[in-house]
Structures are given as C-alpha cells and as structure tokens.
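A.B. asks: Below are the chains, spelled out letter by letter.
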Amino acid sequence: MAASSVRTKHWTRVEYERLIDLGAFRPGERLELVGGAVVVREPQGGPHAAAVGLTEDALRQAFGVGWTVRTHSPIALDEDSEPEPDIAVVAGSRRDHRHVHPSRPVLIVEVADSSLEFDRREKASLYARAGIADYWILDLGGQVLEVYREPVAAPHSRYGHRYGATITLSAGDAVSPLSAPTVAVLVADLLP
Amino acid sequence: MREIVTSPVRTKRWTRLEYERLIDLGAFAPDERLELLGGQLVVREPQGRPHATGIRLVARALRVVFGPDWNIEAQLPVALDEESEPEPDIAVVPGSRRDHRRVHPSRPVLIVEVADSSLEFDRREKASLYARAGIADYWILSLGGQVLEVYREPVAAPHARYGHRYGVTITLSAGDAVSPLSAPTVAVLVADLLP
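Chains as they are written, first to last, in the numbering used here: chain S, 1 to 192; chain X, 1001 to 1195.
Hint data in this document are derived by calculation from the structure and do not stem from the laboratory.
Don't take every hint at face value.
Derived, one-sided and incomplete: chain X residues facing chain S with beta-carbon distance under 10 Å [to be verified]: (1) Arg1010; (2) Thr1011; (3) Arg1016; (4) Leu1025; (5) Ala1027; (6) Phe1028; (7) Asp1031; (8) Leu1034; (9) Gln1040; (10) Leu1041; (11) Val1042; (12) Arg1098; (13) Asp1099; (14) Arg1152; (15) Glu1153; (16) Ala1156.
Computed spacing ranges between beta-carbons, pair by pair [as the list claims (entries may be wrong)]: (17) X:Ile1170 - S:Gly160: 17 to 27 Å; (18) X:Thr1169 - S:Gln44: 43 to 53 Å; (19) X:Gly1026 - S:Asp173: 30 to 40 Å; (20) X:Thr1185 - S:Arg7: 20 to 30 Å.
Far from chain X, some chain S residues (derived; all Cβ distances over 12 Å) [said to hold, decoys possible]: (21) His10; (22) Leu22; (23) Gln61; (24) His97; (25) Val144; (26) Glu150; (27) Ala165; (28) Thr166; (29) Gly172.
A virtual CB, placed ideally from N, CA and C, is assigned to each residue, including glycine.
Please put together the full structure from these sequences, using the hints given.
C.D. replies: Take a look at the structure:
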C-alpha cells in the first residue's frame, strides 16, 4: 500500500501509567506498552504457563537471595515502553519496587509460542535499545533456548538496536546468566 | 500506512465508549487531534491552507443548499459505530445544533472529506468504514486532482478493510454539478467547492 501520512497515537510511558491509574483499562485486560503502542498480550496456553513457572523456579534457584524473579510484571523500560515480560530478574527485594517499576532487569526471558517472531524482532530490538544485557527466548515450538547478548546499534532494525551475539541451545545444553556466571541453568529444566 | 501484520500480535482496540471515557478523564493533551477509526486512535495531521479553505467552501455551499433544518458540521465527532468516532471534515446531520448536546450524531446523511495527503486513506480506510456504517452519500474533494469523488450504495465486500465498500463511484470535474441524496432537488457546483 502506498505510503501515507496516517499514523496512530503514540503513547508515552507516563501517559500509559496515567491511563492505568485512571482505570481506563478493563480489569482482565493483559496489555503492555511497546514503543508507544498499547499491545494486547495473547492468552497463555498450558505449555506457555508451565514454561513460565519452570523458568521462574530454575532462575530463583540459580540467582538465590539478593535477586527478585518477577513474572508478568511491568518494567519501566524507556520513555515509550512498559513491557510485562514473562520473566524478569532484578536486583534487590520485592519491596524495593513498590513505588516505581524496575527499569533495568539483568535478565529478561520471553516464552514464545505464537509470539516468536514478535519476540525476536520487535522485543529483541526494544530490549537491545534499552541496554538489557541478557535476553532469552524460550521457543516452545523449536524446543530451544535462544540467548541474545551484546546489544549494539543497528539503524535498520525496528528500534535502531539489535543483539550482536545469538546462541541457540538445545535441551541437553546449559547456560549461565551473565549476572550469575558461576551457576548453570539446564535448558531441559525450562522446557515443559 | 498500517500494513496488516502477519504476526499474532495486535494493538489494543478501543471501543467508542472507552474512547469517550478517555476524553472525559482528560487522558489526552488539549492540542492532540485524534479520531477513533475501527478501534485505532489515529492522529489527525495538521492542515494546510488549501485544506482549510476547501472545508470552508464545502460548508458554505452545503449550508446554502440544505437550508436551516440541517446542521453542516465541520470536524466534529460522529458516533459512527461501536469502535469508531471519526471527525469528518464535513458532516450533514438533520435537526438543530442542540439536538446533539448529549450524544454525538451517528448517522449523517452526507460526509465530505477534503483530501490532500490523506487521499488514499480517505478512499480505502474511510470509505470502507463509512460504507460499513451505511453512510449513503460520501464525497471526497481531491485537492490534488481538482475533482469531487462521489461514493454511494454501500455493499458488503469481504476483502475491503472493514468488510464493506461503495458500489458506485462517480468522479466529477470543476464543470460538473452534484445533487446530495438528501437534497435531490438542488445542485452543488463542483467549482464552488474547489479552493
């Protein structure tokens, strides 16, 4: 279709948080703000929910005290993004973030079934732009864990950044989070 | 243009009631110019002088032919459907101005969009949206082409953007005249509408 001057409303994170405070959304709506767009999160199937739980358990064990493993909680990522990743690992205790959402998780994990392409292109570029050092996609269809690291500028990607290093790990492999380099997480423990 | 994305990810679709509530809550900046089209909040671009002049000329010509029992509204909200509240450049609605002080009018007898850069959008997206709502008479004044496109007879069309399109399109030049469907005895000169 021809280029056109039409564009949709671009929300800032401050506006989005105000919408939440005003009660603009329905209670059951699962939304996140991604690059100024209010995006609907699809309902989770059983495998997706199981994988989120398994990953949460494995990371809690790997990181131990001094870290919080959050599921489906908002991240104040940048001026026009407030995603709710499936898993985010942040430094400190849960009470540290009761007033403001954390902005710089040391690790973000998305569990992907139908969202795989979105997690690879849109979210990877968004997280790379925010400087998230360690981003994992648990691909339920492929039964692999994709590990993204080393965010770099990339003018042609969605948000101007991408990850320079990508490693794909199978069920027999293990991975050490960048922020917990002495522990090994077995990919088999994450897969439902 | 908003391409159809093949991924399952979708942006939030706002209902018209939600949108009106956002306005009541003061969620938008005072100078934001938006309209709700098929659940999406679309930004209205700033207008150039020819566009503004086109709106004034159309309003004046339609006021003359429709007379005092009709409102000729310029860029005011129309409660079109459950997920749309556009602000057409011109909408002709029956009755007095106070008839709509509590609810926006929903069924104009004529909608006119003055198009410069928005021509393709007005032809595809808005035509399909207005056809779906059963708007019987839709005109696009194309400033680039110096013509008036008249769209009539909305019909179902599964492949159109909103599942409907207009079955009849007539393109009129400056030397032509058109009678609105709701004012069939009068003639509007296209030359009187063009800036």
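A.B. asks: Decide, hint by hint, whether the structure agrees.
C.D. replies: Going through the hints against the structure:
no.	hint	result
1	Arg1010	holds, 5 Å
2	Thr1011	holds, 5 Å
3	Arg1016	violated, 14 Å
4	Leu1025	holds, 5 Å
5	Ala1027	holds, 6 Å
6	Phe1028	holds, 8 Å
7	Asp1031	violated, 13 Å
8	Leu1034	holds, 6 Å
9	Gln1040	holds, 5 Å
10	Leu1041	holds, 4 Å
11	Val1042	holds, 6 Å
12	Arg1098	violated, 30 Å
13	Asp1099	violated, 29 Å
14	Arg1152	violated, 24 Å
15	Glu1153	violated, 25 Å
16	Ala1156	violated, 22 Å
17	X:Ile1170 - S:Gly160: 17 to 27 Å	violated, 47 Å
18	X:Thr1169 - S:Gln44: 43 to 53 Å	holds, 46 Å
19	X:Gly1026 - S:Asp173: 30 to 40 Å	violated, 52 Å
20	X:Thr1185 - S:Arg7: 20 to 30 Å	violated, 42 Å
21	His10	violated, 8 Å
22	Leu22	violated, 5 Å
23	Gln61	holds, 32 Å
24	His97	holds, 25 Å
25	Val144	holds, 19 Å
26	Glu150	holds, 25 Å
27	Ala165	holds, 24 Å
28	Thr166	holds, 19 Å
29	Gly172	holds, 30 Å
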